[in-house]
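Engineer: Line order of the protein sequences matches chains B and L.
Heads up: the first sequence begins at 1 in my numbering, then just goes up one per residue.
Heads up: the second sequence begins at 1 in my numbering, then just goes up one per residue.
If you are wondering where the hints come from, they were derived from the structure by calculation, not from laboratory data.
Quantities reported herein were computed from a predicted structural model and do not represent experimental measurements.
Careful: at least some of the hints might be erroneous.
Mimicking DSSO-like on lysine-lysine, the simulated pairs with C-alpha atoms at most 30 Å apart in a straight line are [to be verified]:
1. K136(L) / K263(B)
2. K85(B) / K29(L)
3. K23(L) / K329(B)
4. K268(B) / K71(L)
5. K60(L) / K329(B)
6. K243(B) / K206(B)
7. K73(L) / K263(B)
8. K13(L) / K73(L)
9. K120(B) / K79(L)
10. K306(B) / K73(L)
11. K71(L) / K136(L)
12. K357(B) / K41(L)
13. K357(B) / K329(B)
14. K23(L) / K136(L)
15. K71(L) / K243(B)
16. K357(B) / K23(L)
17. K268(B) / K79(L)
18. K73(L) / K136(L)
19. K120(B) / K73(L)
20. K85(B) / K120(B)
21. K113(L) / K79(L)
Computed Cβ-Cβ distance ranges for the label pairs, DEER-style [as the list claims (entries may be wrong)]:
22. Y214(B) / N125(L): 25 to 33 Å
23. R277(B) / T88(L): 42 to 50 Å
24. V327(B) / T88(L): 37 to 45 Å
25. T88(L) / Y214(B): 57 to 65 Å
26. D119(L) / L356(B): 53 to 61 Å
27. K71(L) / V327(B): 35 to 43 Å
28. L43(B) / E20(L): 26 to 34 Å
29. L3(L) / N123(B): 47 to 55 Å
30. M84(L) / H51(B): 48 to 56 Å
31. Y272(B) / D119(L): 33 to 41 Å
32. A234(B) / D139(L): 55 to 63 Å
The C-beta atom is built at its ideal place from N, Cα and C for all residues, glycine as well.
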Amino acid sequence: MDRYELMGEMDTKDIKTGEGWFDPAHHPSNHPEPVEGLRSEELIVNMGPQHPSTHGVLYLELRLDGEVVIDCRPHIGYLHRSCEKIAENRTYTQFIPFTDRLDYLGAMNNNLGYVLAVEKLLNLQVNERVHYVRTITAELNRVASHLIALGTFAQDLGAYATPMFYCFNDREKIVELFDELCGGRLTYNYMRIGGVQTELPAYADKYIKDFIKYERQKLKEYNELLTYNAIFLARTKKVGILKPEVAINYSVTGPMLRASGVKWDLRKEEPYMIYDRFKFDIPVGANGDSWDRFKVRLDEVSESLKIIEQALGGLPAGNAVSKVNKVYKAPPGEVYLRTENPKGELGFYLVSDGGLKPYRNKIRSPSFSNLAVLPEIIRGLNISDAVCVLGSTDIVMGEIDR
Amino acid sequence: MELSQLVQAIREKFPEAITEERKAAIVIKKESLLAVAGFLKGEFLFENLHCVSGVDWKDKIEVVYHLYSFKHKFMLTLKVFLNMQDLTVETLSGLWKSANWLERETYDLFGVKFLNHPDLRRILNPDEWTDFPLRKNFDRPDFFRLPQSDGLKAGG
Numbered sequence: 001m002d003r004y005e006l007m008g009e010m011d012t013k014d015i016k017t018g019e020g021w022f023d024p025a026h027h028p029s030n031h032p033e034p035v036e037g038l039r040s041e042e043l044i045v046n047m048g049p050q051h052p053s054t055h056g057v058l059y060l061e062l063r064l065d066g067e068v069v070i071d072c073r074p075h076i077g078y079l080h081r082s083c084e085k086i087a088e089n090r091t092y093t094q095f096i097p098f099t100d101r102l103d104y105l106g107a108m109n110n111n112l113g114y115v116l117a118v119e120k121l122l123n124l125q126v127n128e129r130v131h132y133v134r135t136i137t138a139e140l141n142r143v144a145s146h147l148i149a150l151g152t153f154a155q156d157l158g159a160y161a162t163p164m165f166y167c168f169n170d171r172e173k174i175v176e177l178f179d180e181l182c183g184g185r186l187t188y189n190y191m192r193i194g195g196v197q198t199e200l201p202a203y204a205d206k207y208i209k210d211f212i213k214y215e216r217q218k219l220k221e222y223n224e225l226l227t228y229n230a231i232f233l234a235r236t237k238k239v240g241i242l243k244p245e246v247a248i249n250y251s252v253t254g255p256m257l258r259a260s261g262v263k264w265d266l267r268k269e270e271p272y273m274i275y276d277r278f279k280f281d282i283p284v285g286a287n288g289d290s291w292d293r294f295k296v297r298l299d300e301v302s303e304s305l306k307i308i309e310q311a312l313g314g315l316p317a318g319n320a321v322s323k324v325n326k327v328y329k330a331p332p333g334e335v336y337l338r339t340e341n342p343k344g345e346l347g348f349y350l351v352s353d354g355g356l357k358p359y360r361n362k363i364r365s366p367s368f369s370n371l372a373v374l375p376e377i378i379r380g381l382n383i384s385d386a387v388c389v390l391g392s393t394d395i396v397m398g399e400i401d402r
Numbered sequence: 001m002e003l004s005q006l007v008q009a010i011r012e013k014f015p016e017a018i019t020e021e022r023k024a025a026i027v028i029k030k031e032s033l034l035a036v037a038g039f040l041k042g043e044f045l046f047e048n049l050h051c052v053s054g055v056d057w058k059d060k061i062e063v064v065y066h067l068y069s070f071k072h073k074f075m076l077t078l079k080v081f082l083n084m085q086d087l088t089v090e091t092l093s094g095l096w097k098s099a100n101w102l103e104r105e106t107y108d109l110f111g112v113k114f115l116n117h118p119d120l121r122r123i124l125n126p127d128e129w130t131d132f133p134l135r136k137n138f139d140r141p142d143f144f145r146l147p148q149s150d151g152l153k154a155g156g
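Excised from the complex, chain L in its bound form:
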């Protein structure tokens, strides 16, 4: 299977969805993510959502989905760019259950809100945290005070 083949198929079905075609990845509009992902899962048997990662590009946040098809032995990279003002994207956990935890991790570390997610809580960091540590502008505190506690805890 070739990437160009997939791009063509998506273009035919969703003419507006693809914003950019890269060497090994497809960048799509965030509004059409769910529809395109469902189409890929159904038509091209991408049964496995392998990895969800976020990348902070300072003015926007990129969410990267690695989809895998056992049948075609093909790894597809889907990308969505989100504006800092509107960090929301539709969840894929309805299609792949693995998205549940992987998206929770991206929410925890980057602050991307996944709409209609069944259980969007922090996963690695404490629930009381307000920061998103993997953003580039994250300032590592020397000390931090836990809410509802009166003592200082050594941090960093």
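Isolated chain B (complex conformation):
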């Protein structure tokens, strides 16, 4: 049956514009009638640091009027491990495993961002095959990261277990390949300065192609299950609207920025590595609401699959694993390099004084800025919608607290 038939009265125009949907601004709890003689006051609710829907140790101080959030103050730092200080006491190579633990759902992308920054600092060239292998693994990791974002978002909204199990099941296929590749399921430590750790296994080509075919089928299923599900739409449409100018002012990046309607993807606009060779689109949202953020991620999965398919097709023969130095002496200078991570733009600002260790390594993490905008979005929403918005921002505390 066509999914639009399932939804009865609603037509496709409604889905695109969100018109006719429940607007939280008109909810009666937003306009409480004052009752004579009844004392009422604001209430402070501490959400977190241990809360199932905060995706880590995030503490939100919510000021409530009834059920409406008047103000929100995020408190962070519970997972602070001072990665930047650690970096100053390690050689460039030794810091790669620490980047895994920033955004632990996109470890491969963090590795990539860091080694690209160091390679730019050292002015080091790598061969073609390395570029391709890095692209394939990074994009696979993007798919895995987005799948978790989609699954946990649905879980936050109360779609208990089913979507999450579906998404984790798909992600498992990627994780298994990475396990074979580098021996880790979450923290890969795969990229090296000047190459990668191991060669793709012999079966990888067929395995990934099968996965792409399987995942494309699955994405259709997710559209049926979640994207155009009437309950899901009612919970997410027009909830937590982020305006593009606000997003840019807060330096929001990644799928969150694109959901607000800004067509901006570093891979397309300022291609690094070999991204200019691939054909893919940038999914953009129309309203900047929670549903758009979900949809943009879902569409990005299929765009990533396109990139992986093209990269596999053009994978040159050669050796991705070459002898790399144990230590590198960087010339004095500095470099700022950003890459498009699953969560947004990850930047590494490396300052070298000519020694074996970086003088300063500043990590500009995407989730940090994406969380900073949260109070702007959830002010005036119901507390249950605050959970929805938080789920749709897809933050990882590991890279916020560093």
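Could you slot chain L onto chain B? The hints should help.
Structural biologist: What follows is chain L alone, placed relative to chain B:
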């Protein structure tokens, strides 16, 4: 867009502001930071303050601002050097909201005070801390005692 073009424009508007012109960065006087940043945002559409970082050079602290213009696809590095005796600089959070948290982080880790900041509190470390851990002279304690607590907590 070229860096030299920006340097020229700033020199014309603020003749005294630029103290040094580097290969990929502009060093400006801290007094004219706010005016220059506002000028850059207005004239050259640097809509995005991407990153604020501090670097400790022992005798002075460098605050680095990475500004980005979507229209020109250009990343500009602005630098300000602060003396250890006077670690204060005007906040940019009036121009870019992203500066709020990024400057709080620099305050937390380096002790740079951002004047007129709306909410200058520590962000990553506990509020009771008195040290600035990313300074080069920071001594990592084996144990530290939290104020208003009577027990030792393992640190480091």
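Engineer: Hint compliance check: list the failing hint numbers for this structure, sorted ascending.
Structural biologist: Of the numbered hints given earlier, those the structure breaks are 1, 6, 11, 12, 18, 22, 26, 28, 29 and 30, listed in rising order.
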